[in-house]
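A.B. asks: For reference, the chains in residue letters:
Number of protein chains: 2
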Amino acid sequence: MNRKLLVIGCGGVAAVAIQKCCQNSEMFPELVLASRTVEKCDALVASLKGKTDTILSTAKVDADKVEEVVALIRRVQPYAVLNVALPYQDLTIMEACLHCGVHYIDTANFEPENTEDPAWRKVYDKRVEEEGFSALFDYSWQWTYAEKFEKAGLTALLGTGFDPGVTSVFVSYAKKHYFDRIDTVDILDCNGGDHGYAFATNFNPEINLREVSAPGSYWEDGKWVEIPAMSIKRGYDFPEVGKKDMYLLHHEEIEALGKHFPEIKRIRFFMTFGQSYLTHMKCLENVGMLSTTPIDFQGTKIVPIQFLKALLPDPASLGPRTKGKTNIGCVISGVKDGKPKTIFIYNVCDHEECYRELGSQAISYTTGVPAMIGTALVLDGAWRKPGVFTTDEFDPDPYMDMLNKWGLPWVVVEDPETVE
Amino acid sequence: MNRKLLVIGCGGVAAVAIQKCCQNSEMFPELVLASRTVEKCDALVASLKGKTDTILSTAKVDADKVEEVVALIRRVQPYAVLNVALPYQDLTIMEACLHCGVHYIDTANFEPENTEDPAWRKVYDKRVEEEGFSALFDYSWQWTYAEKFEKAGLTALLGTGFDPGVTSVFVSYAKKHYFDRIDTVDILDCNGGDHGYAFATNFNPEINLREVSAPGSYWEDGKWVEIPAMSIKRGYDFPEVGKKDMYLLHHEEIEALGKHFPEIKRIRFFMTFGQSYLTHMKCLENVGMLSTTPIDFQGTKIVPIQFLKALLPDPASLGPRTKGKTNIGCVISGVKDGKPKTIFIYNVCDHEECYRELGSQAISYTTGVPAMIGTALVLDGAWRKPGVFTTDEFDPDPYMDMLNKWGLPWVVVEDPETVE
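Note that the protein sequences, when read in sequence, are chains A and B.
When you line the first sequence up against the working numbering, it's residues 3 to 422, in that order.
When you line the second sequence up against the working numbering, it's residues 3 to 422, in that order.
Heads up, some of the hints might be wrong.
All copies of an identical chain are treated as equivalent in the list; a pair is satisfied when it fits inside any one copy or across any two copies.
Stated by the list, open to error - Okay, derived cross-link-like pairs now, EDC-like style, lysine to aspartate or glutamate, Cα gap no bigger than 20 Å in a straight line:
(1) K51 to E41
(2) K67 to D316
(3) K267 to E222
(4) K128 to D247
(5) K178 to D403
(6) K311 to E213
(7) K311 to D298
(8) K311 to E287
(9) K341 to E28
(10) K325 to D339
(11) K303 to D316
(12) K245 to D316
(13) K178 to E70
Keep in mind that the hints were calculated from the coordinates and are not lab data.
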């Protein structure tokens with residue numbers, strides 16, 4: 003059968019997903035790597051030469067344009083498209099997949115590139131009012147494709163990264179094997195890595211800032227509760243990492259879990275931030291260095307945050323120098339056989355080991371590996387059914403097996419520390 | 003007699019000194035204001051029109067060039083020159099005064115503009131080794147002029163600002179009226195002002211940074227003790243301001259006091275810095291924003307600290323919005339009539355009152371008023387003797403009287419809080 007996969011995007015996560023596919027040549031006998039910057043694809047192919055049985059080729063594509071993606075799919079004739087490009091491009095690529103009759107997989111849900119676009123804004127404002135959370139991204143845009151994918155007999159698997167992705171599989175796995183009823187889920191994302199700089203960002207500081215300065219929200223009793231940015235702080239002692247402060251943020255898997263597991267009374271997401279990181283962000287914000295509005299400087303217009311970006315270490319340079327581990331998982335409480343029960347399912351990932359294996363630190367690694375796994379399960383048929391789905395809507399067992407096999411082993415601890 | 007004064011410099015301190023001279027027209031019947039930017043002088047003269055009996059005129063001068071200053075002095079024929087320009091220009095202006103036979107007064111001791119200059123560096127390195135303090139400024143350069151001024155029958159009065167300046171007069175006043183022997187002096191400089199910005203600097207951030215990041219030093223048992231930057235921190239409850247944290251810094255009056263009062267066992271200088279100010283400085287330093295080395299940005303060379311300066315509020319804009327007070331003074335301990343004794347002599351200055359009076363906040367006010375006073379005493383003859391002197395080498399009484407009269411009233415408290 004046709005197992006050719008078209009991968010769109012060639013950044014840090016894509017590089018991990020592609021290398022993992024190349025380790026799994028039986029499942030992925032042929033990949034076509036496409037990006038706006040085809041040179042990045044060519045360089046990756048060159049680095050993999052002689053190291054894999056997977057047949058690799060490359061192509062140039064502007065994924066903002068449905069017709070370009072359609073033309074590429076027609077030429078390549080893949081079985082599925084793995085979208086590891088920007089989340090702005092989810093809808094154009096889904097359209098193209100529908101048009102050509104191929105399956106679709108991605109890792110992060112749609113958000114608009116231009117949040118000032120009046121057409122988008124109108125839908126957004128309505129959603130904020132009806133749903134009560136103001137994050138700029140949500141699943142609604144992609145879920146509206148459900149009927150079309152179902153009718154076409156195609157699978158769209160959304161958000162198969164770590165969080166969202168693995169964290170949702172952890173919940174469905176817990177429900178299948180550990181609970182009769184789940185009452186609360188706390189998703190904890192801890193990066194205990196240290197790159198040795200006083201301050202650096204793992205990705206674009208502008209996006210980093212947006213995350214830290216946006217209101218947080220969580221799901222409780224069937225509705226959203228929104229809180230001021232960074233206003234709920236908790237400590238947690240993470241296995242293999244240690245004690246960290248973490249803050250409640252909005253995160254996309256909450257939306258899917260709330261919809262698919264109506265029994266769950268409360269779902270929250272916490273991410274760790276060091277005090278030093280937050281202090282630097284605040285100080286830079288105070289002096290205006292995070293502003294996106296250009297200022298006049300010696301006759302030129304300069305955007306402060308872009309100047310800051312030029313001063314900060316290139317996120318790509320952090321890989322070889324980052325030490326320490328991530329710990330991402332779910333603290334899940336509920337009832338089994340009439341008795342209250344709590345478990346913590348998590349994965350620990352070591353930045354230096356990831357870098358030695360694939361030349362990427364754990365942030366890209368933990369997202370790229372699940373992208374390969376989700377795609378493999380769609381190709382394999384185990385996770386193939388007509389419609390648009392998140393990772394909590396399939397049998398978790400084969401996914402959990404593959405996590406152990408492909409570099410993200412998980413642990414279940416009973417009676418763990420809980421989050422207040 | 004000729005009481006014409008030539009004032010070189012037209013920044014914040016100069017504006018205060020000039021306005022104070024104009025309030026004291028009897029002593030200062032005629033001023034010539036000179037600056038590289040003559041427009042600043044013209045604007046100040048325009049603002050004083052009709053408000054003073056002092057005759058005012060302006061001139062353009064580049065004070066880096068001895069011959070330009072000589073030509074200006076020859077043309078103006080003043081009795082003395084008040085140098086409130088940059089401390090880089092102390093030596094050229096002193097040379098010109100000697101050449102033309104006029105008295106010289108300044109507020110801050112010499113430092114080189116180019117600290118990489120090998121000729122200067124050689125002398126500096128020798129001084130650091132011999133004296134044991136590494137501040138970039140010291141009195142040695144100006145003290146070498148002592149014999150020349152003495153032979154010429156001219157007075158050079160150095161450092162008649164607040165600190166140095168008033169603080170040294172406080173010590174000689176204490177010695178004259180309160181002590182048989184002084185054992186320790188702690189000079190405390192507290193700015194309790196609040197400009198309402200999360201972060202802003204009272205003057206050039208580059209000079210601010212240099213102050214905070216330089217090693218501290220103090221005088222003990224006849225020699226310098228140098229300590230890492232900001233490593234000695236003390237709290238003090240300042241009258242009319244309240245409790246503040248302060249840090250030991252090197253400061254120029256210590257050098258003069260140590261030389262002229264060999265009985266004093268220990269002389270230290272402390273300045274208050276708020277934790278928020280220090281945190282911002284540190285964060286900005288960490289990300290490279292305080293660097294003076296240009297970086298390539300979008301095809302242009304940009305010096306980070308200059309870009310920062312463009313983002314920060316203009317120091318001149320702080321005046322109208324700064325509330326609160328300064329408290330600067332000396333905690334002096336010693337012996338009187340065989341008994342131990344401690345006093346605190348200090349002045350409290352209110353930012354808003356200064357601004358209402360002269361359009362400057364207290365930082366410029368407290369330096370500019372003593373510049374006028376020292377100059378008046380040289381013109382008057384009370385502080386005129388041949389040679390090069392600091393303010394601790396004259397009778398303190400007329401200076402102390404004038405502080406009370408001209409806006410910087412002082413207080414003596416017996417048995418004050420001491421500094422550990």
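A.B. asks: It remains to establish, for every hint, whether it holds in the given structure.
C.D. replies: Do the hints match the structure? See the list:
no. : hint         : verdict
1   : K51 to E41   : within (15 Å within a copy, 70 Å between copies)
2   : K67 to D316  : neither (29 Å within a copy, 46 Å between copies)
3   : K267 to E222 : within (5 Å within a copy, 69 Å between copies)
4   : K128 to D247 : neither (34 Å within a copy, 51 Å between copies)
5   : K178 to D403 : within (14 Å within a copy, 88 Å between copies)
6   : K311 to E213 : within (16 Å within a copy, 28 Å between copies)
7   : K311 to D298 : both (18 Å within a copy, 12 Å between copies)
8   : K311 to E287 : both (13 Å within a copy, 15 Å between copies)
9   : K341 to E28  : neither (44 Å within a copy, 95 Å between copies)
10  : K325 to D339 : neither (42 Å within a copy, 67 Å between copies)
11  : K303 to D316 : between (23 Å within a copy, 19 Å between copies)
12  : K245 to D316 : neither (28 Å within a copy, 43 Å between copies)
13  : K178 to E70  : neither (42 Å within a copy, 90 Å between copies)
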